[in-house]
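Chemist: One letter stands for each residue in the lines below.
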Amino acid sequence: MNNSLSRRSLLKSGGALVVSFALAPRLAKGAAKKEAAATQKTVAPDQVDGFLAIDSKGKVTVFSGKVDLGTGIRTAMAQIAAEELSVPLSDVTVIQGDTALTPDQGVTFGSLSIQNGGMQIRQAAATARQALIAQAATKLSADKESLTVAQGRIVPKAGGKGVSYGQLIGGKQFDLKLDPKAPTKDPKDFTIVGKPIRRLDIPGKVTGTFEYMHDFRIAGMQHARVVHPAGIKAELQSVDDAGCREIPGYRGLVRKANFLAVVARDEWSAIKAARAIKTAWSDWAGLPDQASLWDAVRSTKVVSTEELQKAGDVAKAPPGAKTLKATYDFAIHTHGSIGPSCAVAEMKDGKLTVWSASQQTHLLRKQIATMLSLKPEDVRCVYLEGAGCYGRNGHEDAAADAALIAVETKKPVRVQWMRQDEHGWDPKGPPTLLDMQGSLDESGNIVTWDAVLFAPNKPKDVSVKLLTGELAELAHEDSHPGNVHQDLAIPYQIANIRTTVHWLSETPFRPSWIRTPGRLQNTFANESFIDELAAAASVDPFEYRLRYLKDPRGIELLERLRKLSNWTPRAKREAQDGDVAHGRGMSYIRYELVRTYVGVVAEVEVEKKSGKIRARKIYVAHDCGQIINPDGLRNQIEGNMVQTTSRTLLEEVKFDRSKVTSVDWASYPILRHPDVPEVVIDLVERPAEKPWGAGEPSAAVVPSAIANAVFDATGKRMRSVPFTPEKFLAAT
Amino acid sequence: MATLRLTVNGKTRNVRVDDANVPLLYVLRDDLGLRGPRFGCGLSQCGACTVHVNGESVRSCVYPSSSAVGKKVVTLEGLGTPAHPHPLQQAFIEEQAAQCGYCINGMIMEAAALLSHKKNPTDAEIKAALADNLCRCGTHLRIVRAVKRAAGAKT
Ligand code: FES
Ligand code: FES
Numbered sequence: 001m002n003n004s005l006s007r008r009s010l011l012k013s014g015g016a017l018v019v020s021f022a023l024a025p026r027l028a029k030g031a032a033k034k035e036a037a038a039t040q041k042t043v044a045p046d047q048v049d050g051f052l053a054i055d056s057k058g059k060v061t062v063f064s065g066k067v068d069l070g071t072g073i074r075t076a077m078a079q080i081a082a083e084e085l086s087v088p089l090s091d092v093t094v095i096q097g098d099t100a101l102t103p104d105q106g107v108t109f110g111s112l113s114i115q116n117g118g119m120q121i122r123q124a125a126a127t128a129r130q131a132l133i134a135q136a137a138t139k140l141s142a143d144k145e146s147l148t149v150a151q152g153r154i155v156p157k158a159g160g161k162g163v164s165y166g167q168l169i170g171g172k173q174f175d176l177k178l179d180p181k182a183p184t185k186d187p188k189d190f191t192i193v194g195k196p197i198r199r200l201d202i203p204g205k206v207t208g209t210f211e212y213m214h215d216f217r218i219a220g221m222q223h224a225r226v227v228h229p230a231g232i233k234a235e236l237q238s239v240d241d242a243g244c245r246e247i248p249g250y251r252g253l254v255r256k257a258n259f260l261a262v263v264a265r266d267e268w269s270a271i272k273a274a275r276a277i278k279t280a281w282s283d284w285a286g287l288p289d290q291a292s293l294w295d296a297v298r299s300t301k302v303v304s305t306e307e308l309q310k311a312g313d314v315a316k317a318p319p320g321a322k323t324l325k326a327t328y329d330f331a332i333h334t335h336g337s338i339g340p341s342c343a344v345a346e347m348k349d350g351k352l353t354v355w356s357a358s359q360q361t362h363l364l365r366k367q368i369a370t371m372l373s374l375k376p377e378d379v380r381c382v383y384l385e386g387a388g389c390y391g392r393n394g395h396e397d398a399a400a401d402a403a404l405i406a407v408e409t410k411k412p413v414r415v416q417w418m419r420q421d422e423h424g425w426d427p428k429g430p431p432t433l434l435d436m437q438g439s440l441d442e443s444g445n446i447v448t449w450d451a452v453l454f455a456p457n458k459p460k461d462v463s464v465k466l467l468t469g470e471l472a473e474l475a476h477e478d479s480h481p482g483n484v485h486q487d488l489a490i491p492y493q494i495a496n497i498r499t500t501v502h503w504l505s506e507t508p509f510r511p512s513w514i515r516t517p518g519r520l521q522n523t524f525a526n527e528s529f530i531d532e533l534a535a536a537a538s539v540d541p542f543e544y545r546l547r548y549l550k551d552p553r554g555i556e557l558l559e560r561l562r563k564l565s566n567w568t569p570r571a572k573r574e575a576q577d578g579d580v581a582h583g584r585g586m587s588y589i590r591y592e593l594v595r596t597y598v599g600v601v602a603e604v605e606v607e608k609k610s611g612k613i614r615a616r617k618i619y620v621a622h623d624c625g626q627i628i629n630p631d632g633l634r635n636q637i638e639g640n641m642v643q644t645t646s647r648t649l650l651e652e653v654k655f656d657r658s659k660v661t662s663v664d665w666a667s668y669p670i671l672r673h674p675d676v677p678e679v680v681i682d683l684v685e686r687p688a689e690k691p692w693g694a695g696e697p698s699a700a701v702v703p704s705a706i707a708n709a710v711f712d713a714t715g716k717r718m719r720s721v722p723f724t725p726e727k728f729l730a731a732t
Numbered sequence: 733m734a735t736l737r738l739t740v741n742g743k744t745r746n747v748r749v750d751d752a753n754v755p756l757l758y759v760l761r762d763d764l765g766l767r768g769p770r771f772g773c774g775l776s777q778c779g780a781c782t783v784h785v786n787g788e789s790v791r792s793c794v795y796p797s798s799s800a801v802g803k804k805v806v807t808l809e810g811l812g813t814p815a816h817p818h819p820l821q822q823a824f825i826e827e828q829a830a831q832c833g834y835c836i837n838g839m840i841m842e843a844a845a846l847l848s849h850k851k852n853p854t855d856a857e858i859k860a861a862l863a864d865n866l867c868r869c870g871t872h873l874r875i876v877r878a879v880k881r882a883a884g885a886k887t
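Listed in order, the protein sequences are those of chains A and B. Be aware that the first sequence starts at 1, since it is given in the working numbering, and climbs by one per residue. Be aware that the second sequence starts at 733, since it is given in the working numbering, and climbs by one per residue.
Within a straight-line C-alpha distance of at most 20 Å, the following computed PhoX-like cross-link-like pairs (lysine-lysine) qualify:
1. K654(A) x K727(A)
2. K550(A) x K310(A)
3. K859(B) x K612(A)
4. K743(B) x K803(B)
5. K859(B) x K617(A)
6. K195(A) x K185(A)
Source of the hints: derived by calculation from the structure; they are not laboratory data. None of these values were measured; they are calculated from a predicted model.
Build the full structure now, drawing on both the sequences and the hints.
Modeler: In structure tokens form, the structure reads like this:
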């Protein structure tokens with residue numbers, strides 16, 4: 001497609017903002033037209049036009065900076081906009097994560113898409129609706145109050161033809177500041193929000209018509225594979241591509257410092273070239289010995305110590321108080337996307353365009369501009385959905401690889417990471433260590449609670465350095481592990497609390513956020529430890545938590561969970577005969593202490609001889625306030641239960657002194673169909689409340705619920721994730 | 733250069749390749765422009781690339797294209813379309829059995845192979861048949877429900 005041509009035809013249409021490309025559902029084909037429109041469209045987050053456009057037929061385009069990572073956000077955003085504007089859902093198209101078209105709504109992480117991103121879009125739609133009603137009132141010479149909106153038409157309540165959105169605004173800009181106070185629809189009148197609308201993307205995904213990042217192609221595109229170093233910080237000493245030159249499709253290599261890639265006409269040639277190339281790397285063996293990883297973490301230099309929560313004085317345990325101590329650790333995890341990262345980049349007339357499944361195209365644009373010394377205005381990043389990433393995986397690195405190769409070769413290029421690249425080189429969820437200490441008075445009440453977290457330090461900016469920049473020795477930033485201190489603070493009212501984080505100067509691998517960063521590890525320790533205290537006090541775990549929980553919504557949630565799971569009190573565990581022991585454990589969180597409430601009960605089965613643990617069933621009570629799409633929410637919760645069971649029971653990145661050695665699915669196993677637990681969910685419906693996030697919170701409670709269930713079954717405490725058979729057999 | 737005569741989704745096509753042993757996955761995706769079969773590992777470990785060859789499920793990421801000559805290859809696109817979905821595809825839509833959906837090609841193709849010789853599989857049989865198809869999003873529960881629904885044995 002010819003860009004300048006479509007730009008001309010666009011200008012011929014009068015220069016008004018025309019988002020006709022939005023009607024072309026195929027992003028790739030619409031790309032050129034989009035670029036033309038992009039020269040005119042605002043991405044300002046304080047403008048209605050930043051988020052919304054309505055064409056002459058009344059079709060609505062939503063511009064969302066938050067992207068659908070397989071989470072159903074595209075559909076949810078369409079529901080929110082359709083509801084607020086009173087248009088049929090089928091009239092709404094959502095464009096996501098295009099730096100030229102969508103406002104910067106921040107990284108798609110932290111369970112904030114609906115809570116923040118969706119609410120901005122709701123507010124933009126509410127502002128637009130008010131403006132359209134005012135315009136209609138003028139046009140129809142009627143009172144605003146005498147008008148009503150339905151199906152994209154504003155009509156007199158008394159009857160009459162009225163006027164359509166298309167007639168009022170079709171193709172023109174609103175030129176209107178987003179009004180944060182514009183009245184929004186009363187949830188009582190919702191007909192689209194709160195309904196289990198079927199996801200818009202699923203038919204295409206199950207029939208092979210959906211275009212993933214991995215399917216995107218542009219004319220003249222070459223294929224590249226990156227040849228990653230033999231050690232994390234090994235230096236490239238020599239390269240010999242004689243073997244590659246025997247491959248007909250081989251086109252050459254790109255080398256910059258320790259960055260190396262092979263380029264070919266087609267994918268298979270690129271793969272063969274990456275195998276044929278001979279390289280020599282310096283010896284580098286700077287990783288800690290995995291067998292003593294936790295000593296290494298504990299002895300890492302502490303940059304600073306921060307007190308997160310303080311009440312009373314933890315030194316105040318009365319004489320005769322019973323003191324308990326426990327240390328918990330949580331292994332290094334990889335994101336493990338089923339489709340390894342992939343990106344396409346093109347440099348044309350000094351402008352770089354990068355197509356990526358990045359959860360953060362606006363941030364990626366800045367990072368790539370920095371790396372290549374380009375102006376951010378000259379870089380455009382366009383989101384295309386990839387395989388689920390569950391955080392900051394390798395997508396951004398593959399995008400930076402493609403950008404660098406496109407600039408170096410002056411040709412468009414597609415970079416596809418291989419499985420070993422994704423497992424070996426995506427940034428990792430860092431190793432996390434927690435020391436817990438608590439004391440009980442004679443009646444088993446908690447007198448003191450003292451928690452210490454060891455976590456990698458956070459630089460100022462929330463971003464993860466681009467691997468490409470590091471390898472190629474180009475400008476790059478530090479890596480941020482995500483807000484991993486969250487939820488170290490506890491939701492219970494105890495007289496003497498201290499929770500502290502030691503920020504560490506380093507961590508073995510480039511850290512990044514992976515689903516429920518920090519909250520998962522901290523909740524594992526907190527909710528396991530309170531279970532240990534409850535057992536020491538011989539009190540039922542529900543009752544024990546309820547002693548210290550004063551938040552009525554939290555109490556209601558726990559009561560619903562108790563009922564859902566048909567919980568039988570277990571103040572004391574019963575010894576079980578036989579080879580297989582069964583147990584139940586529970587766990588609770590209020591996410592970040594200010595939003596979503598989740599409680600779960602896990603049922604496990606433990607083979608006492610082999611040490612194999614299976615989670616058989618998980619009951620979930622979930623309150624995230626207003627629910628946009630209950631089926632989408634259930635899908636997320638089920639996913640969290642299954643994925644986190646996998647992480648808890650099986651997952652651990654393996655490494656030698658130089659690099660990751662668990663670079664495939666055999667060495668980094670994940671949960672498979674036969675071992676998937678059944679999941680039973682109770683959604684608390686609160687349509688009148690604010691919607692909070694749901695992508696992460698329910699994951700947080702899984703490891704502790706399983707650990708507590710294993711204790712219930714066997715009397716053994718699992719304090720080290722993953723709960724492997726070896727660890728079970730060694731546990732006391 | 734070699735020319736491979738391949739029959740894919742009922743159509744016969746000649747494809748010119750440098751290497752007749754190029755895995756079928758790349759021919760299907762890059763030469764024939766199909767999107768159903770997906771690259772997940774290239775190691776026969778995940779199932780994302782599953783297609784049918786003469787009615788049997790194979791991992792196209794390690795299946796040499798030359799071996800497909802003279803056989804019938806069917807991909808996800810060959811089962812059905814959004815307008816006329818295959819019963820399994822329809823069931824996956826009804827159960828909303830996808831998150832990112834990247835694994836779903838393999839799940840449907842493997843399940844279709846199962847259902848072609850086992851009409852009413854139990855949950856355990858479905859799970860066993862899909863045990864080597866990996867899903868990272870944790871969509872397993874819905875996937876099994878969808879296969880049961882398609883088998884007409886929904887519980
Ligand atoms: S891509 Fe073929 S089995 Fe994973
Ligand atoms: S739905 Fe994402 S990998 Fe299965």
